[in-house]
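Q: Sequence:
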Amino acid sequence: MPRLGSLPANLCAHLQNTSRSFHPRACIPYTNSALAISNILLRSGLVSNISLGSPAGPDPASFNTLPIPAKKLWIGLKHRDGQPVLRRMNLVSKPSFRVVVSKEELGRLLVGKRARNVPGVGIGEILIVKTPEDRREGRANAERYMEGWAAFRAGLGGEVICRVA
Numbered sequence: 104m105p106r107l108g109s110l111p112a113n114l115c116a117h118l119q120n121t122s123r124s125f126h127p128r129a130c131i132p133y134t135n136s137a138l139a140i141s142n143i144l145l146r147s148g149l150v151s152n153i154s155l156g157s158p159a160g161p162d163p164a165s166f167n168t169l170p171i172p173a174k175k176l177w178i179g180l181k182h183r184d185g186q187p188v189l190r191r192m193n194l195v196s197k198p199s200f201r202v203v204v205s206k207e208e209l210g211r212l213l214v215g216k217r218a219r220n221v222p223g224v225g226i227g228e229i230l231i232v233k234t235p236e237d238r239r240e241g242r243a244n245a246e247r248y249m250e251g252w253a254a255f256r257a258g259l260g261g262e263v264i265c266r267v268a
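Under my numbering, the letters of the sequence shown match residues 104 to 268, in that order.
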């Protein structure tokens with residue numbers, strides 16, 4: 104069975120479930136992809152904060168001394184008027200069926216039109232896109248996670264990971 108942070112599907116399900124059950128924080132294993140996705144959620148205003156820590160709680164001071172399996176991301180969840188701000192976090196691209204779109208198809212999705220059998224983005228929704236490695240920066244196998252509009256403005260397509268509302 105894969106670890107919680109190893110697949111975006113597990114991350115999406117865990118964050119959605121903890122938000123719906125009105126927990127103030129969610130604890131997920133520290134990975135580069137989990138940090139990148141949670142950073143997009145923070146910039147979009149869907150979560151309140153991100154802290155590094157251990158399984159016991161957020162403690163950035165001791166994070167660097169921890170072994171890798173003990174490193175955790177603590178994500179503060181927002182709730183407003185008795186409702187979670189992070190209402191839905193649905194996986195679009197699955198391990199068995201990857202949804203890869205070009206820049207033009209990504210633009211169609213972002214304006215609300217269907218592309219590649221994926222419904223367009225609605226009001227208050229964001230797409231998280233995994234763009235291919237950036238060869239200009241000389242980073243081998245370094246994939247970047249970007250918000251849909253940021254990837255479109257940069258002229259990039261990529262794998263549509265999830266949609267968040």
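I should point out that these hints are in silico values taken from the structure, not numbers from a laboratory. Ideal Cβ placement from N, Cα and C applies to all residues, glycine included. Heads up, a few of these hints could be off.
Have a look at the derived ranges for each label pair, beta carbon to beta carbon [to be verified]:
1. A159 <-> I226: 35 to 45 Å
2. S154 <-> T234: 37 to 47 Å
3. A253 <-> S199: 21 to 31 Å
Q: Next step is simple, just say for each hint if it's right about the structure.
A: Going through the hints against the structure:
no.: 1; hint: A159 <-> I226: 35 to 45 Å; verdict: holds, 40 Å
no.: 2; hint: S154 <-> T234: 37 to 47 Å; verdict: violated, 26 Å
no.: 3; hint: A253 <-> S199: 21 to 31 Å; verdict: holds, 27 Å
Violated hints amount to a single one, hint 2; each of the other numbered hints is respected by the structure.
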